[in-house]
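S.K.: Each chain, letter by letter, is given below.
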Amino acid sequence: MSSSVLHTEKLCKTFSSGGLQQHVIKNLDLEIRKGDFTIIMGASGSGKSTLLYALSGMDKPTLGKVFFGDEDISGYTNDQLAVFRRKHCGFVFQSIYLLENMSVFDNVMTGALAVQKNSPELVKKAETLLKKVGMGEDSWKKYPNQLSGGECQRVGIVRAVINDPQILFADEPTGSLNSASSRDVLDIFTELHSKGQSIVMVTHDTRTALRGNRVIFLSDGAVVGEHEMPPYGTDDARARRDGLQAFLDQMGW
Amino acid sequence: MEKIFRLSLANIRKHKLEAAALVLLVALCMLLLGSTLGTMAATRTIFPQILEHTQGMENFILIQEKNYDPEFKHIIEEDERIEEVQTAEMLYSMSSNYLDREGKEQALYLAFITEFNNNRIQKTELDTTLSEAELAAIEHPITMPYTMHDTMGYRAGDPFDVIIGTRKYSFTIAGFYDTLILDQVSSGVKMIVSDEDYHLLSAVMPNYVCIGYNDHRGQGGETLFFDLLEKMEDYSNLDVKNGIRGMVYEDLEIGVTFMLQMVMKLLIAMAVIIILAVAIMIRFRITGDIRDQIVHIGVLEALGYTSGEITLSYVIEYLLIALAGVILGTAGSFLLIPALFHVFEMISEHRGTAVISVLPVLLGGLAILAFVALIAFIRARMVRNYPPVRAFRKGQGDHRFGKEHFPLRNTKHNVHLRMALKGFVENWRQNLGLTVCILISSTAVIFSFIIFSFFTGNMNAIAASAGVEMSDLCITLMPSADAYAFSEELTALPEVRKATPTANENLMVTAADYNEPMFPISFKDFSVTENIFPASGRFPEHDNEIMVTNMFARHFHLKNGDTLTLEHLKVQKKYIITGFVTSSTNGGINLYITEEGLQRLIPTYRPDGVEVYLEDGADPAEFRYTLTQKYGRSLSDTAGSAAEGVSCEERIRAEAEQQIAEMMANYGVTHAEYAIRYGDKVISGDSSGFQIVSIQNLNDILQTQLAGMSSAIEMLSTLFAVLAAVVITVILFILMEATIRRQRKEFGIMKGMGYTSRELMVQLAMRIMPAALIAVILGTVIGVAATGLLTSYIGRIGVNMPLVILADILILAYCFGCAYLGARKIKKISVHELMTE
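Line by line, the protein sequences give chains B and D. So the working numbering is basically just the index in the first sequence, starting at one, shifted up by 4. So the working numbering is basically just the index in the second sequence, starting at one, shifted up by 5.
Since the hints were made in silico from the structure, they are not lab data. Hints should not be assumed to be uniformly reliable.
Said to hold, decoys possible - Each computed DSSO-like pair below joins lysine-lysine, with the alpha-carbon atoms no more than 30 Å apart:
hint	chain 1	residue 1	chain 2	residue 2
1	B	136	D	832
2	B	145	B	135
3	D	830	D	19
4	D	109	B	64
What the hints assert, rightly or not - Take a look, some chain B residues computed to stay more than 10 Å from chain D by CB distance:
hint	residue
5	49
6	82
7	130
8	191
9	256
Cβ coordinates follow ideal geometry from the N, Cα and C atoms, glycine included.
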């Protein structure tokens with residue numbers, strides 16, 4: 005079994021609105037293992053994204069703790085969390101969130117230069133990664149509004165992994181893409197995972213979930229079920245799909 | 006219309022802070038404009054009010070008694086252009102001092118007159134807070150011009166000590182009065198004293214006759230004035246022009262109103278600067294708002310609103326904001342007008358009536374509203390470019406194919422700096438407006454700073470602009486003394502660095518072509534001078550060469566190489582102009598001529614003054630004492646002192662010397678001898694021991710003369726700097742706020758990637774720095790150049806570049822600080838909220 009990269013203790017997240025309190029995550033204990041492609045699933049409002057943002061330091065828990073290795077990040081200030089994110093995490097969003105006023109290459113470099121100084125090696129790495137996800141040299145000077153959704157998301161992935169994050173978070177990365185683009189993007193995630201990248205992905209799409217090796221099911225802010233699979237592509241696809249479907253059926257999906 | 010009005014109000018409510026900042030700027034602009042326009046009419050009352058208060062003569066000739074002939078009055082009376090003539094006796098000295106409140110001796114040109122004589126040339130209306138009994142109890146009463154109350158802070162009942170020579174004359178201030186002549190600390194003040202005190206002072210001060218005449222409110226002007234002098238010279242065969250002081254109606258009016266007009270122009274200029282800043286901000290705001298609300302605008306258009314109606318909603322929005330500012334500013338200006346008018350009274354050193362003119366204030370307010378409406382309309386018309394479909398696409402007509410600026414792959418050191426530069430270039434239109442705002446503000450600050458540091462700095466800087474030589478002590482010698490021999494003797498003294506013979510101050514010649522009096526400043530060789538510099542051309546070297554002031558040259562359209570005819574006692578000689586000097590003294594009538602050149606015109610001319618330059622660390626006051634020890638007391642010192650001595654013989658000798666000094670000082674006696682029999686002895690002596698007429702410290706005189714101007718400039722400079730700081734602050738805060746609102750999503754993404762709030766605040770603040778840097782550099786260039794505009798009024802203004810650069814750095818730091826603090830709202834951007842919205 006892989007060692008833990010992240011774990012939570014009694015994690016709670018509560019939102020207040022108009023005097024009413026909504027407990028989205030409730031006393032959640034969870035461990036994210038190094039090298040796992042962890043899929044978080046659940047119904048809408050189950051707390052998937054909230055959990056992802058709490059795990060990644062995008063948001064602070066109301067109660068409980070989040071440990072990155074042995075380091076408790078739950079008490080960090082916003083700026084400390086920012087430094088934590090840029091050093092250790094990568095993010096891929098459903099809405100992609102490329103910087104509209106920057107070219108493809110600059111979007112990638114913005115992420116890289118937040119962590120490290122510019123160097124020919126860094127530029128070379130950005131070029132290699134972009135080529136690897138199918139973004140040829142002719143597209144590097146283009147702006148996001150000149151790209152398709154799939155192309156944008158590929159740039160988003162390169163931006164997320166350029167710093168070799170210890171853990172890559174993805175929130176519905178194929179949510180706004182057509183099926184062909186979705187497949188391409190998921191192939192990239194699969195390849196990253198095959199090379200040892202730890203990934204935590206939120207999705208409600210079964211085909212996307214098949215790419216992971218561990219599926220956690222959330223309901224009302226608590227983990228209600230967990231399903232383990234071999235790495236994608238190393239087992240029988242039909243058996244894999246049936247196994248996951250059975251688990252989801254069991255969860256009432 | 007109602008729906009448009011609602012749209013405008015909704016927009017104001019949505020951006021309350023920015024609206025409030027604009028209201029503040031408009032209110033400031035209106036405050037300056039309103040209070041200046043509202044005071045303008047009141048300032049026009051100052052000069053007429055002096056005429057009304059004094060009800061006397063409007064032109065004056067101050068002539069030394071020894072040069073005066075009673076027939077002069079008849080000569081003037083006979084001129085058909087003259088309405089009325091009066092004469093009055095007066096005492097006047099340019100080497101008099103007074104003791105300030107700390108007991109320190111300060112230079113002040115003083116004139117003394119009795120009430121009887123004053124009433125001959127003007128009405129004397131005593132303004133006092135003392136009772137009849139208190140007034141009666143004063144032993145030595147003195148009545149002063151209002152300026153002594155308003156600018157020097159003296160009050161009725163205060164003691165006032167005058168120093169003539171080495172002797173102190175103590176007075177008690179009885180009250181104050183208005184006078185048209187000798188009314189300003191800078192040019193001299195006319196004090197009314199009792200007949201007894203006048204008699205006492207008349208023995209120790211030069212006696213003058215003041216001829217006052219009316220010529221239908223100045224219609225005769227300078228032409229009449231010079232005609233009268235010519236007639237007097239023709240009659241007397243005397244050099245009447247030499248040593249006189251003339252004050253004609255026009256000069257007196259300019260003297261009272263010139264500084265006021267300057268100050269009012271500066272205040273209006275500042276108001277214009279602010280309204281320009283407002284215009285630029287309105288453009289920012291409307292552009293930003295249209296971009297922000299483009300989809301909303303598309304919806305409104307789809308619902309049937311025309312682009313004209315939406316444009317109108319913006320115009321109304323900014324009109325409402327401007328109206329609030331104008332109302333606040335108008336109310337403030339009505340409160341400020343009395344205070345500002347009092348400042349104007351202080352600057353003019355006279356009093357007027359604080360009449361508030363409402364109409365100009367209202368017109369000023371309407372002008373601001375019209376300007377704001379026009380700017381808002383022009384900018385808001387860009388709504389026409391966004392029909393609904395294009396608006397729904399967030400204004401994009403097509404894909405972006407813009408040039409990529411500052412690609413990050415080329416980042417050398419600091420990614421934040423590079424991203425700031427990207428942001429700067431991408432928002433170049435906005436930054437252009439910002440550059441203009443900071444440029445205007447920094448120009449105002451640098452200009453004020455230069456003027457402020459110049460006037461509050463050391464006297465050497467001012468001396469450089471005075472166009473006269475500013476040695477440590479200026480000695481006027483007796484006509485019998487040899488200035489060269491005296492200079493040589495002085496140079497041998499250890500305290501003296503240099504002693505240079507020069508012309509004394511009473512000599513006057515005339516520029517015959519223009520009938521203008523000129524005051525010769527003469528040295529054997531001008532290269533020995535330390536404060537006179539040719540602004541263009543070169544020093545005169547030969548006896549047919551002269552330099553004149555820039556002001557004189559401009560007035561009479563003279564250029565290098567032109568010929569000027571000088572006249573003295575009917576003798577005329579032609580001189581070639583070799584250069585021009587910027588000069589803030591003597592109204593620009595300084596004439597720079599070599600000793601030989603002056604002797605061509607006045608063959609009897611010999612230098613009768615010595616400029617003494619002391620070694621570093623030598624005290625002028627102590628050296629003055631050394632001089633009296635070595636050469637005996639100066640004529641003015643001796644004439645003004647009591648005869649002192651231990652033995653009877655010494656007392657007799659001292660008394661005799663005092664009598665001789667008085668005769669020489671007041672009656673033009675050039676040589677006197679005495680022989681007094683005392684018992685068996687005969688005590689004798691002569692005037693050969695008197696070599697010095699007077700010793701002046703020009704530094705002290707200049708300091709007193711510039712005191713009023715310095716305080717006014719200090720106040721105005723501070724006001725300018727504060728206003729510029731307010732403008733910069735408000736603009737940068739609004740700009741940062743608008744930028745963060747517009748780029749909230751981008752900042753959220755960057756925070757998500759791990760950029761801290763502090764890094765993003767620095768990036769955002771650095772974005773404006775290229776604009777600020779360009780603006781400050783240009784502002785400095787323009788500010789320094791603008792000081793040149795004042796050259797003709799106050800001479801060449803020395804610019805202390807290291808201090809100016811320091812001021813530039815402070816402005817840049819201030820801009821950065823404001824932008825950084827203005828960007829603090831980045832902290833409130835929540836990554837999580839942004840990602841899940």
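S.K.: Can the restraint linking residue 136 of chain B and residue 832 of chain D be considered satisfied, given a maximum Cα separation of 30 Å?
M.R.: violated (36 Å)
S.K.: Would you check the hint for residue 109 of chain D and residue 64 of chain B, treating anything up to 30 Å between C-alpha atoms as holding?
M.R.: Roughly 71 Å between the alpha carbons, so the hint for residue 109 of chain D and residue 64 of chain B is violated.
S.K.: Taking 30 Å as the top limit, are the C-alpha atoms of residue 145 of chain B and residue 135 of chain B close enough?
M.R.: The hint holds at about 14 Å.
S.K.: Against chain D, does residue 82 of chain B keep a CB gap of more than 10 Å to every residue?
M.R.: violated (6 Å)
S.K.: Should the label of residue 256 of chain B as a non-interface residue stand, given a Cβ cut-off of 10 Å to chain D?
M.R.: holds (25 Å)
S.K.: Find the nearest Cβ of chain D to the Cβ of residue 130 of chain B and say whether that gap is larger than 10 Å.
M.R.: Residue 130 of chain B not clear of chain D: closest Cβ-Cβ about 8 Å, inside 10 Å.
S.K.: Between the alpha carbons of residue 830 of chain D and residue 19 of chain D, is the straight-line distance 30 Å or under?
M.R.: At roughly 16 Å apart (the allowed maximum being 30 Å), residue 19 of chain D and residue 830 of chain D satisfy the hint.
S.K.: Does the claim that residue 191 of chain B lies off the interface hold, with its Cβ farther than 10 Å from every Cβ of chain D?
M.R.: Given a closest Cβ separation of 24 Å, the condition holds.
S.K.: For residue 49 of chain B, is the shortest beta carbon distance to chain D beyond 10 Å?
M.R.: holds (12 Å)
Checked against the numbered hints given earlier, the structure breaks hints 1, 4, 6 and 7 and satisfies all the rest.
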